[in-house]
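Just so you know, the protein sequences line up as chains A, B, C and D, in that order.
The first sequence begins at 656 in our numbering and counts up one residue at a time.
The second sequence begins at 391 in our numbering and counts up one residue at a time.
The third sequence begins at 10 in our numbering and counts up one residue at a time.
The fourth sequence begins at 694 in our numbering and counts up one residue at a time.
Source of the hints: derived by calculation from the structure; they are not laboratory data.
Honestly, I wouldn't trust all of these hints.
Unchecked claim - Okay, derived cross-link-like pairs now, DMTMM-like style, lysine to aspartate or glutamate, Cα gap no bigger than 20 Å in a straight line:
1. 848(D) to 15(C)
2. 331(C) to 748(A)
3. 732(A) to 259(C)
4. 421(B) to 485(B)
5. 798(A) to 330(C)
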Amino acid sequence: MTVALSSSEIADRLKNQFPEAITETKKECLIIKGDFLLDIASFLKNTPDLEFNYLSYITCVDYKDYFELVYQLVSTKHNHSLVLKTQCRQPEEPIVDSMVDLWKGADFQEREIYDLMGITFKGHPNLKRIFLWDGFQGHPLRKDNSNDTEN
Amino acid sequence: MEVESKYIYPNLELDRDEGEVIKALQEKSQKIIPDPDAWLSEELNRNVLLTTVDGILNWSRRSSLWTVICFPACCAFEFIGAASPRFDIARFGMEIIRASPRQADLMITAGTLTWKMAPQVKRIYEQMAEPKWVIAMGACAISGGLFNDSYSVVPGYNHIIPVDVYIPGCPPRPESLLYGIEKLRGKIRKRSTIKEDK
Amino acid sequence: MTLKTEPFVINLGPVHPSTHGVFRLRATLDGEVVMDIEPIIGYLHRGIEKIAEGRNYKQDIPLTDRLDYVASMSNNLPYVMAVEKLAEIAVPERAEYIRIIMAEMQRIASHLLAVGSLANDLGTFFTPFQYMFREREKIVDLFEMVCGQRLLYNYMRFGGVSHDIPDEFIPALCKLVSTMPGFIDEYDQLLAENEILLARLKGVGILPKELAINSSVSGPMLRASGVEWDIRKVDSYSVYDRFNFDIPTEVIGDCYDRYRVRIQEMRQSVRILEQAIEQLPPGEVLAKVSPRLKPPVGEAYAHIEAPKGELGFYLVSDNSEKPYRLHIRAPSLINLTALREMVIGWKLADAIVIFGSIDICLGEVDR
Amino acid sequence: MQTSVTSFNPTFAFNTLPPDWPGNFWLHWLVFTIILIAFIIVSVIMFIWFERRLIGRFQIRLGPNRVGPFGLFQAIADVIKILTKEDIVPQKADKVVFWLAPLVALVPVLMVFAVVPLQSGAMLVDLNIGILYVVALSSIVSIGIFMAGWGSNNKYSIIGAMRDVAQLISYEIPLVLSIVGVVLLTGSLSLTEIVGAQNIPFILLQPIGFFVFFIGSLAEINRCPFDLVEAESEIIAGYNIEFSGSKFATFFLAEYSEAVLLSALTATLFLGGWSGPLLPPILWLLIKMFAVFAIIIWIRSTLPRFRIDQMMAFAWKFLLPLALINLLLTSLQIVFWPEASSWIIVLLSFAILVALILVWSKSFKPGGNKVGI
Chain A
656 MTVALSSSEI
666 ADRLKNQFPE
676 AITETKKECL
686 IIKGDFLLDI
696 ASFLKNTPDL
706 EFNYLSYITC
716 VDYKDYFELV
726 YQLVSTKHNH
736 SLVLKTQCRQ
746 PEEPIVDSMV
756 DLWKGADFQE
766 REIYDLMGIT
776 FKGHPNLKRI
786 FLWDGFQGHP
796 LRKDNSNDTE
806 N
Chain B
391 MEVESKYIYP
401 NLELDRDEGE
411 VIKALQEKSQ
421 KIIPDPDAWL
431 SEELNRNVLL
441 TTVDGILNWS
451 RRSSLWTVIC
461 FPACCAFEFI
471 GAASPRFDIA
481 RFGMEIIRAS
491 PRQADLMITA
501 GTLTWKMAPQ
511 VKRIYEQMAE
521 PKWVIAMGAC
531 AISGGLFNDS
541 YSVVPGYNHI
551 IPVDVYIPGC
561 PPRPESLLYG
571 IEKLRGKIRK
581 RSTIKEDK
Chain C
10 MTLKTEPFVI
20 NLGPVHPSTH
30 GVFRLRATLD
40 GEVVMDIEPI
50 IGYLHRGIEK
60 IAEGRNYKQD
70 IPLTDRLDYV
80 ASMSNNLPYV
90 MAVEKLAEIA
100 VPERAEYIRI
110 IMAEMQRIAS
120 HLLAVGSLAN
130 DLGTFFTPFQ
140 YMFREREKIV
150 DLFEMVCGQR
160 LLYNYMRFGG
170 VSHDIPDEFI
180 PALCKLVSTM
190 PGFIDEYDQL
200 LAENEILLAR
210 LKGVGILPKE
220 LAINSSVSGP
230 MLRASGVEWD
240 IRKVDSYSVY
250 DRFNFDIPTE
260 VIGDCYDRYR
270 VRIQEMRQSV
280 RILEQAIEQL
290 PPGEVLAKVS
300 PRLKPPVGEA
310 YAHIEAPKGE
320 LGFYLVSDNS
330 EKPYRLHIRA
340 PSLINLTALR
350 EMVIGWKLAD
360 AIVIFGSIDI
370 CLGEVDR
Chain D
694 MQTSVTSFNP
704 TFAFNTLPPD
714 WPGNFWLHWL
724 VFTIILIAFI
734 IVSVIMFIWF
744 ERRLIGRFQI
754 RLGPNRVGPF
764 GLFQAIADVI
774 KILTKEDIVP
784 QKADKVVFWL
794 APLVALVPVL
804 MVFAVVPLQS
814 GAMLVDLNIG
824 ILYVVALSSI
834 VSIGIFMAGW
844 GSNNKYSIIG
854 AMRDVAQLIS
864 YEIPLVLSIV
874 GVVLLTGSLS
884 LTEIVGAQNI
894 PFILLQPIGF
904 FVFFIGSLAE
914 INRCPFDLVE
924 AESEIIAGYN
934 IEFSGSKFAT
944 FFLAEYSEAV
954 LLSALTATLF
964 LGGWSGPLLP
974 PILWLLIKMF
984 AVFAIIIWIR
994 STLPRFRIDQ
1004 MMAFAWKFLL
1014 PLALINLLLT
1024 SLQIVFWPEA
1034 SSWIIVLLSF
1044 AILVALILVW
1054 SKSFKPGGNK
1064 VGI
């Protein structure tokens, strides 16, 4: 069984290095500030006994007043997992750091989120629409985008 | 081996052009294109006389319907199922699936059509040489089906190209595909090539 | 004197005989050698995630069928698992077994198709494909017996499956299970002892282990690269822990290894099926669940080992009848990430084969 | 050899009309050309039907059987349909080349049939350099294919056309060298004499030659596993991608006429041509042609396709040495051991063929690795 690591334990370890990074620790997830995302991710990836070398998925949820990005990290060596979340509270121009340098698997998923949710990923090498065509108005998965705006 | 840039050809301009084509097509195709062969149902009024030449031409056309590849989604597997040993569409001489639209007669539109795909389908249809027919296979091809209310789905192929035969089902079974093809043959049988002056 | 040469861009797809749907590959070629590719997808983007938000939980089950339309049963499973996790619904034991029987049959069907179309990409003029389809039809018959559909089954429900299997199902399945290993061996022999096939597959499109993990590749592709990672074992769900089976892995991670992993996985699936038939308990198949299900506020992620890789559903509920957010972790899409690294430097013909060996389904890539 | 070269002149060829044929040369020419073209077209239609039915059987299905008895009229329906379809010329195509290409591909094939003996003396002209004529003309088809690829102004078709030229250049050499073995045994370039010389079919005396010739000619007519020219899974339809209507029909005809030609040539060179007991000679030839074509279909429905570099490697590293060794062995036998009993030769040649193929297949690596960019 993949062990879901307790987020408070991880939070304790992170506190030494990134004292201001952690917003909240829930039972199943760890919510961090967007500014520290890349640093914490690379810490989680490179620390020997954590070694989250596999990024299972990235997704984004629109909570109307903020966007929440969800990263599920897995270690294929130690067989444990962690859900990392970050909240993006700039509804006009949401920007988050890109994870492509750490995990290549983030490439298409970030493009997908950019396409459907309209979140810009800083440092992504090829950030453009992936599913919809160039010139499509709006981002369909946002809650303010009702289902039948387009025809 | 290290590739220098992420993508040698980012092709941003190409993307933009394609986006414009899609947009133009979307605006243009809000109405359903009527079936050009609708007059066939009122056959008696027109009093069609078929000549022997017509008979031979129609025989040859309905006996060798070559399909073009246009299989976007789920229904494709029921088409392949129809071509597989069990249903064996080859009995009717239809196992030749031409990948090049120039040499094909029949387009079986098996699957959901999105606006991004629409210009390609239209182009394939236009590349096909006359005479050509279209079968809309499955609910998505007829009306958008389950995805009718989506932001990216074309509600039916008949917004883009004229359709001759509709086969309902999600997906239609191979038997119903064969029945639909049989209907199309009936339609071809009534066609008059000689009289049709356009 | 040197001739002036320049690379040229060629579009493979979206309508192409061997792109398995409407995938498009914008390839830059230097003669026959692929210098660069850019996968362009979205030609089948139907917005399933958005549509799902507008329908209630039960109405979303048919939508999941249409993701990976060659493996519909496997798509139902993680969705109902996610909802069950969210609403804390217990599943009767018999239903769990039936689900596993369906998922494993679906795995065989999907891998048959993957191997067949890989051979097709190699240019065998449909013959292996037709043989694989013959076997697939047998499995499809069984599915039809259970739920009346040939392709998109819509069989699983929250708390079980929609109805019990008919009486004649188990004997038919036993017959399938007893004959299938022979067919698999036969096909394996016919394909893998062909010199041209070996020359075309061996050493082509190598995906190194590190890159495979880093690119979040999953399923047979990951295992072909030498990572023993199968959700059925490492994060066992349903009642998989009661079965005895191996995870086939290979070492190099070339196209041939991916082919081998699929062939061996079919054998393992047959093994699981044999055990599941033996252990199948009597009893109910559907727990009592309100048709207007309102799960409590929260989120859940359930994943399974689908034929193509790790298929997961991330579900957010706001205690209404409709899901607040449904995200699908589509293995086909993420497996494509590594395509570019694998293809560059190979010939055009190899690019097609490498792409075929990934075995994607466009319904799942684009959603 | 020397006599046939020095005595070559057209009148010699024209004078080879059998004495019992009526009329003068030109009447013979006219009648026979019509018969020959009819023969080609009928056999092409039969070949198409045969191929589709047989492939159906290989793929555990029935194949066309609804149009006419046993689906016999299927190919006829196809032909009428293709001929009456719209003929599209792409706007940016090179019009002249596009128009000429199908003809350039078809005419040489038809011309080659002039020297193929359908039975004793039943041929348009009995050229004493028949083999040379066949080899020379059959290569011209590639020019037609290249013209089609270039004239279409399509990227897929130009890739297909390039592949065809590369393929032709590589496979022509082993092909010709394998024919030389037959010519050495016969001592003549005339196809009639080659048939006449086969007391036992040359496939027994020249197994290596047959092997190389058969594979080489598969490549020459772009049949599987060398169908890279129209590789459907890679370049869609290759050179004929933009052709429709009657032009496509012409290409189709050219392609299958080549197949008929190859079957006829293989039958003539290695299987004893029209000679055989009991049945009439033309029937023997047809039986042999269909047998050869059945093997081609079998290969087509079974084998995957080569990659371009593997295909070239196969020609230069595998077939060419085999052809050279065959040539050497045949010459040695003719020079030093002309009185040898043919059955000993048969046994020896087969032993050598098996040994060579074993050795070669172990050492030959089709190779072709990733290219650094």
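Verification of the hints:
1. Among the hinted pairs, residue 848(D) with residue 15(C) is consistent with the structure: their alpha-carbon atoms are about 14 Å apart, no more than 20 Å.
2. Restraint check for residue 331(C) and residue 748(A): the C-alpha separation of about 28 Å exceeds 20 Å, so the hint is violated.
3. The suggested pairing of residue 732(A) with residue 259(C) holds, with an alpha-carbon distance near 18 Å, which does not exceed 20 Å.
4. Annotation: proposed proximity of residue 421(B) to residue 485(B) is violated, straight-line Cα distance about 34 Å (limit 20 Å).
5. Pair hint residue 798(A) plus residue 330(C) holds up; C-alpha atoms about 16 Å apart against a cutoff of 20 Å.
Hint compliance for this structure: hints 2, 4 are not met, and every other hint is.
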